[in-house]
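S.K.: Here is how the chains run, residue by residue.
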Amino acid sequence: MIEFRNIHKSFFGNMVLKDICFKVNPGEILALAGQNGAGKSTLMKILSGIYYPESGQMLVDDVPVSFHDTIEADAKGIGIVYQELSGVPHLSVSDNVVLGKDIKTKMHFLDFKKQNQEVQEIFDQLGVDVDINRKLGSYPASTQQLIEIAKVLYKTPKVVVFDEPTTSLTTRERKKLFEVMDKMREDGLTIIFITHYLEEIVKMADKCVVLKDGSVTYYGSMEGKGEPEIISYMIGQNIGNYYPKLVEYTAKDVALELKNFGGGIVSPCDLKVHHGEVVGLAGLIGSGRTELMHMLIGAEKHKYGDVYLNGKKVRIANPSSALEQGIAYINEDRRTGGLNLTMSVDFNIALSSIAKGKDNVVGTGGFINTKKEQELCAKMIEQLEIKCASSQQRALTLSGGNQQKIAIAKWIASEANIYIFDEPTKGIDVLTKSRIYDIIRELAKQGAAIIVISSYNPELIGTCDRIEVMSKGNLVASFKAGVEEHEILLAQ
Amino acid sequence: MVAQRNTERTSNSTKHHILKSQLATILIILALLIVFFAIGSEGFFTIKNCYNILQQIAVIGIITVAQTFVIITGGIDLSQGAVIGLTTVITAMCMVDFGLSIPIAILLGLLVGVIIGVLNGLLIAYLGLPAFIATLGSMSVTEAIALLVKGGKDIYNLPQGISEFAQQGIGNVIPNIAIIMIIIAFVMHIFLKHTCFGRYIYAVGSNEQSARFSGVKTKSVLFRTYVLAGFLCGIAGIIMMCRMSGGVAIAGKGYQMNSISAVVIGGGSLFGGEGSITGAMVGAFIMTILANGLQIMGVSSYWQQLITGIVLVGAVLMDTMRRKKNLN
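So the protein lines, in turn, are chains A and P. Here the working numbering is used: the first residue of the first sequence is 1, the next is one more, and so on. Here the working numbering is used: the first residue of the second sequence is 1, the next is one more, and so on.
No lab work stands behind these hints, which were simulated from the structure alone. Some hints could be false.
[To be verified] Lysine-lysine pairs mimicking BS3-like chemistry, simulated, CA-CA at most 25 Å apart: (1) P/Lys325 x A/Lys303; (2) A/Lys303 x A/Lys18; (3) P/Lys325 x A/Lys387; (4) A/Lys358 x P/Lys219.
Just so you know, these numbers come straight off a predicted model, no measurement behind them.
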């Protein structure tokens, strides 16, 4: 049982947690909701021993505790499944799971037989089919996330905190995760569940705590509470319509056409996007959507077919060519391919415009016009409502939502007319998600041709004029706006 | 839509702040060193010694500028010392053995630097070799060629004026070769800070994948960085030849250790994405003044090495601690 009593925490004079009080009992799932910056991660870091509270008490099974480091929290049975994957890619799955708590023989050598036995048991319980002797790095992010869970379960915790566990998971894997959580609840574990997906809160949680600007705005049962109520506690008022109203902007002319295009795991396929049209690409993780887009922008080599822009065949050999042709690709992973997180906000926003040699930032002789650059960045920050204290801040100090806005700003600044969004709202808070959907429709209104890849079907249904479904490297189905989710799921 | 309130914590310093703090720290260290040596020995704080220091720093200063570019991209250039050596030999050979005019000989000497830079660039940018390995290899090869060309014998009897050029300067205040170094540092500083290419260097160094997706021609940028670095080392080699009045195969051997230290003291990160010419030059001054001061105080060169190592580790430790503090 975990209890927080009057927890306060501040950083450099900024109060980030105010008077937090709530309790989670064994056999309960408590959802912790709130926008980015509300204090959820900070609170969990206090629970796991990374931060110390300024005042207030934390109790485990009615005994006050104070953790000096994560090892002490671990020892008290607190396990956290983080959103960021922290496995060692070169070690096997089995080695990763037992890392830090190896099984030794009487002679103090590693007991691989016993280790593999125990690890296999955990995966059998989870119902996940994984070869525990394979290198962790050979598995995609979604499977690695499930392995993270196994890692935590291996330490037989009493309390498990899930920090945004479903962001990389497909629908099927999500279902499996919830089965596991149900079982853990039955077994009497105490579960805290952080997620941005409100329907998951409604589905799984017994109790809910909503944080807003560091304070608890709701603490109570989930009986009779639905998504609108949670949202209202998160932002203090009603959000109205979450998805934008779908107005038809689709023009007659085709902006982008792929003919017989493919290679690698993607079979030759045809795809057309008109100016002003938003086309969604649905499908399971691994169905080839990202690979297809990578080939389109020249990040990976394609084997068959051609790309046509406004009816003309073009050769896109690398992302630099794609940029020149006005194609924007907003990467699915901000950290590894979307942004230069250690550089400033301005640096990131201006980068593609500079690479394109746009005269809104680049002067003669390859010199950068600093004044124009600052104006451009300031305009983008204002337009997209990017929240930062200073545009010279490093991008990694901003929340996920703001980081994503920076990534989008970079491409809007480069004056692209074809936008490819790959999982645009992964790990982002509710309000920003909604804003990004608005941005997508705005761009369409201005005549851009847009492709949205997402594993979250409601989001595609809410923002796209047309949804193409990809399965195992093939485009298998096409739906117009107004389709129901189960139809998409069947096609996947 | 509802306007979002600003809940961002601004506890983390801006990149601007971080750089400025490191610069302040090392400037203070520099000032302290100067004061220490000025008090500790008679001959240090004189115009003549100042002139000496500027002469001593010329070659290292130029290769430090080159190393700054390379380190910001996340790479490293171990071949710098070897390039200096081979350049002195080839340039001297052209003048003494082939009787070529000074300008032609210099051009050919610079070509040496460019060729090795191209080699490094091909290996690292297009063949994907880690910079450490590639430049370690080119260093060995270059050193060997420098020795093979004249069987390890030094080349002297350079044309009149070369050694004079190396000795002279404006008044008795700034040596010619230091002026060259200062011009190079200044021009490259502007280049790094204000041109597109400079941005690409930081982009590739901070996250090569992201840079690539953003439309930066990352391979080309890396290649050009090493070619530039090689060219600058060529210039350093010519200056070294002037200083030594001859072609010496082993001249400059190991100098890259000094340039790497200087860049790191100046706030550069070996992981890439960070660094500045200003900081690196201050780092170069710290190390040169340290060597000069200790020399004047009569400290043996073995102790000099020890102390230099300690100062390097100390400066980097301070930088690391400051970064950690900023993140918490």
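S.K.: Could you run down the list of hints and mark each one as holding or not?
M.R.: Structure-based check of all given hints:
no. : hint                : result
1   : P/Lys325 x A/Lys303 : violated (50 Å)
2   : A/Lys303 x A/Lys18  : violated (57 Å)
3   : P/Lys325 x A/Lys387 : holds (23 Å)
4   : A/Lys358 x P/Lys219 : holds (21 Å)
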